[in-house]
Amino acid sequence: MARAHSKKLIEHIGAAIDAAGGWISFADYMREVLYAPGLGYYSAGAAKFGAAGDFVTAPEISPLFGLCLASQCQDIFQQVDGNTIVEAGGGSGRLAATILGELPQVDYVMADVSAELRQRQAETISGQGVRQSNVRWVDGPDDLESFSGVLLANEVIDALPVELFVISDGVVLAKGVRMRDGRFVAATREAGAGLTAAVRRVEEVIGRALPDGYTAEIRPQLAHFISAWAQKLQSGAMIFIDYGCSRAELYAPERHMGTLLCHYRHRAHSDPFVYPGLQDITAWVDFTAVAEAGVAAGLAVGGYATQAHFLMASGIEQRYDELRRSGTDEQHLATLNGQLRRLMMPGEMGERFRVMALTRGMDRKPAGFSFRDLSASL
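Heads up, the sequence shown is in numbering that gives the first Met the number 0, so the first residue is 0 and it goes up one at a time.
If you are wondering where the hints come from, they were derived from the structure by calculation, not from laboratory data.
The model shown is predicted, which means the values in this text are computed figures rather than measured ones.
Be careful, since some hints might not be right.
Derived pair list, reagent style BS3-like, types lysine-lysine, alpha-carbon separation capped at 25 Å [as the list claims (entries may be wrong)]: (1) Lys-364 with Lys-231; (2) Lys-174 with Lys-7; (3) Lys-6 with Lys-231.
Starting from the given sequences, assemble the full structure and let the hints guide the process.
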């Protein structure tokens, strides 16, 4: 069943490659392999999140994550005239269920194009005993009216399509995709003006030329993604949580092979041509680019922090104590301690994951950035 599904997607992308003259950009390949209607990884029905899927996100690890975000949302609601939460890419629905359990009166909007994921989200929410009367679904920002409140995007930007490039004799080459004997293979050609300009902009910001052989990624859709949501935000904050770092860190010499990573059945590898449609493809987020896109869209950078610092400032210690007291056996405590470590430790998610708020119409920064704000490092 899964192999037959993958074969259909291979045929679909192969036809697109033929129509384009035998070569497509990696961004076009990634867009199809992840989002092609009915065929792409995020559009089809296979389990993706949690133990039965390919990877585990923070809301799946522990309710501590969602409880802290609920506190952050409440803090923002006190500064704006509205109480809407929009979650872009709602995953399994676990984050929504946790937040709605804490803030049952909010207007909660889940943005997801996948009918299968919408169904799973609804089942998760109802399974937690949370009312669905104030939950609704939209495809994306084009289907949403203007709102005041919070946009949440947890591990969303990392799955936006990326262009792959490599430097050769000082020239920017685009790494694209061809078909050979029925299989996808990487193929390079000289980059177009847009990708070349984007790479030169990176070099300008980091203050050095990228050396020959340097391979990395750039997200061409990021500015549009940020702008589309920003147009709907009257006042409040857009909060992005993802693995990533500043531009200077992302394009450091030691990352000369890029950050592209694939996830299949809880195993990570670097081959994007294995199991098309059955595996996730991601790359680290350039949070400097997120900040630039936000400012260009009329927003302010309201804060930038590691996930550990953000959760500390959002009351994770208090939430931990509350959950600790809710159980009495040693297994409960051991499980809770393990969840806390995964969310907070530098070698786990605490340092690799970063949190950024882009704000409009707020008098002070969101409380989650009161412990330590790294915005100056961008």
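Results for each hint:
1. Lys-364 with Lys-231: Holds, at roughly 20 Å.
2. Lys-174 with Lys-7: holds (24 Å)
3. Lys-6 with Lys-231: Measuring from Cα to Cα gives roughly 39 Å; hence the hint is violated.
In the structure shown, a violation is registered for the earlier hint numbered 3 alone.
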